[in-house]
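*Asks:* Sequence:
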Amino acid sequence: MRRSDILHLLEDYLLRHPEEGAPLTPLLAEFQAEAGPKNPAALPGHITFSAVVIDRDRRVLHIGHQTPGRLLAPGHAEPGDRTPLAAALRAVREGAGIDPGDLCVTRQFLDQAIDIGVEDTNTGPSKAESAHRHYDFRFAFYLAAPRRPALHLRGEEVAGAQWLPFPDVSSPALRAKLLDSGLDGQPEPVNASALIHDGHGRYLLHLRDQREGIWEPGAFALLGGGRERGDACLEDTLLRELAEEVPGLELTDLMSYVVEEETSTDGLAVPVEVYSGRWNGDPDEVDLQEGVLIRWFTPDALDRLHLTPGTGDLIRRHAAQHPPADGATPGARPPRTEAPAGTELHVVGVHLLLQDEHGRILLGLRHPDSPYAGGMWHFLAGHCEQESAITCLVREALEEAGLVIDPRDVEFAHLVHLVDSPGARPRIQLVFRARSWSGTPEVLEPDRCVEWRWWHPTDLPEQVVPYTRAATGGILAGHPYSEMGWGER
1 MRRSDILHLL EDYLLRHPEE GAPLTPLLAE FQAEAGPKNP AALPGHITFS
51 AVVIDRDRRV LHIGHQTPGR LLAPGHAEPG DRTPLAAALR AVREGAGIDP
101 GDLCVTRQFL DQAIDIGVED TNTGPSKAES AHRHYDFRFA FYLAAPRRPA
151 LHLRGEEVAG AQWLPFPDVS SPALRAKLLD SGLDGQPEPV NASALIHDGH
201 GRYLLHLRDQ REGIWEPGAF ALLGGGRERG DACLEDTLLR ELAEEVPGLE
251 LTDLMSYVVE EETSTDGLAV PVEVYSGRWN GDPDEVDLQE GVLIRWFTPD
301 ALDRLHLTPG TGDLIRRHAA QHPPADGATP GARPPRTEAP AGTELHVVGV
351 HLLLQDEHGR ILLGLRHPDS PYAGGMWHFL AGHCEQESAI TCLVREALEE
401 AGLVIDPRDV EFAHLVHLVD SPGARPRIQL VFRARSWSGT PEVLEPDRCV
451 EWRWWHPTDL PEQVVPYTRA ATGGILAGHP YSEMGWGER
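In the working numbering, the protein residues as written are 1 to 489.
Where hints are given, some of them may not hold.
Simulated DEER-style distance windows between Cβ atoms [claimed, not checked]:
1. G213 / R240: 50 to 58 Å
2. M255 / E20: 40 to 48 Å
3. R316 / E11: 42 to 50 Å
4. R240 / H152: 15 to 23 Å
5. H152 / R317: 33 to 41 Å
6. P18 / R56: 30 to 38 Å
7. S4 / V443: 27 to 35 Å
8. G218 / R316: 17 to 25 Å
9. G267 / R3: 22 to 30 Å
10. R3 / V443: 35 to 43 Å
11. P79 / R16: 28 to 36 Å
12. L15 / E357: 18 to 26 Å
Calculated from the structure, these hints are not laboratory results. Here a beta-carbon is modelled for each residue, glycine too, at the ideal position from N, C-alpha and C.
I would like the entire structure built from these sequences, with the hints used as guidance.
*Replies:* Take a look at the structure:
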């Protein structure tokens with residue numbers, strides 16, 4: 001547990017309850033100090049964490065103690081507690097035998113403290129500890145199931161247990177907050193996920209980071225996340241999470257599909273509202289901000305993936321209920337729309353313009369037996385397959401020359417609209433400049449290219465592909481477009 005965890009709890013609590021500043025100011029000052037508390041004994045009191053467990057009848061669990069006035073089950077932080085919330089869960093498990101999976105957080109408070117109890121403790125002469133102050137951070141939880149779990153009370157000071165209605169809660173400050181809270185004891189979803197499909201049997205999955213503290217690290221999951229205080233509803237939660245994780249991914253036909261239950265990193269039960277929505281974009285085109293990657297998968301591929309619990313069954317259920325509307329085989333690519341009458345389809349070529357520190361550009365000498373431009377110098381290039389132009393560029397650079405290029409470092413430089421000969425299919429030749437890259441050009445496809453060499457753009461070799469020369473000249477002149485061969489068509 002970090003200092004900042006407790007400091008954020010304190011600051012957030014005092015924003016909601018500024019009238020309680022006086023008793024909490026000494027503790028706040030210690031945590032706001034640059035050095036912070038070095039030793040718990042140096043704090044102006046003891047910090048504990050407890051769970052306010054609420055059942056479906058709006059009754060609160062009280063664990064009786066031999067110490068007068070103590071009717072909750074507080075616990076001090078221990079090294080294994082990742083967060084204050086986790087410390088409260090451990091305290092109620094140790095004091096009452098209630099497992100985290102029996103509980104869920106509330107929409108009103110999430111991981112905020114509903115109350116911070118401040119109590120001065122007078123220790124008797126038989127105790128080595130002197131009189132001190134207790135700061136008890138209290139978190140509200142609902143029972144996840146309708147029936148109360150069996151209690152297993154532990155500890156020498158535990159004297160019994162009671163379920164008391166809000167008006168009978170022993171702490172006046174907590175009682176007032178409960179009565180004013182709107183808490184009703186009925187669990188509701190506090191997380192939202194997106195079941196994204198393309199309408200043709202493919203589903204979009206997100207590969208999560210392999211990092212400690214992340215829920216199901218290294219597994220494929222649905223996109224989504226937890227509710228925050230500023231979210232007006234769970235649909236807002238989902239849209240905010242998508243904007244943070246994959247800006248630019250916009251769904252259509254968004255609707256609530258089902259509520260599933262998952263388990264948090266702390267072991268809590270987490271009801272999740274799953275929304276279904278359609279998208280048919282290229283995962284490589286979006287700017288992924290969190291996780292490793294997103295990819296399309298068909299239901300028959302799920303058995304080969306490491307998935308978060310329940311994800312495979314959820315997708316298969318949706319796929320069975322929503323077969324492709326066009327009757328296509330699930331997972332097949334969307335049917336291609338015929339071009340309008342009179343349209344002539346073009347071949348799209350993608351070309352890489354690299355310049356070294358001397359301003360020279362990289363060209364490759366094509367193999368003499370190459371079916372196109374044998375024995376001539378040309379850009380590193382390739383034809384677009386079922387992919388975006390920049391994805392093609394990055395792939396070709398790696399396959400042909402071992403160069404690694406980040407798509408974010410690529411910018412458009414020039415377009416040549418070309419027809420090679422009368423009656424030939426016209427071509428769109430796109431030239432992109434890479435601002436940076438890693439690696440040294442290598443000949444990796446010797447049947448196509450036999451040498452890479454740097455050339456000054458104003459002193460190109462005689463045997464250079466004509467539109468390569470035209471594009472280079474256009475770029476030097478600051479022209480984004482040129483065309484060749486159309487006058488002879």
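*Asks:* All the hints need checking, so say for each whether the structure fits it.
*Replies:* Hint-by-hint comparison with the structure:
no., hint, in the structure
1, G213 / R240: 50 to 58 Å, "violated (21 Å)"
2, M255 / E20: 40 to 48 Å, "holds (43 Å)"
3, R316 / E11: 42 to 50 Å, "holds (45 Å)"
4, R240 / H152: 15 to 23 Å, "violated (40 Å)"
5, H152 / R317: 33 to 41 Å, "holds (37 Å)"
6, P18 / R56: 30 to 38 Å, "holds (33 Å)"
7, S4 / V443: 27 to 35 Å, "violated (53 Å)"
8, G218 / R316: 17 to 25 Å, "holds (22 Å)"
9, G267 / R3: 22 to 30 Å, "holds (24 Å)"
10, R3 / V443: 35 to 43 Å, "violated (56 Å)"
11, P79 / R16: 28 to 36 Å, "holds (30 Å)"
12, L15 / E357: 18 to 26 Å, "violated (54 Å)"
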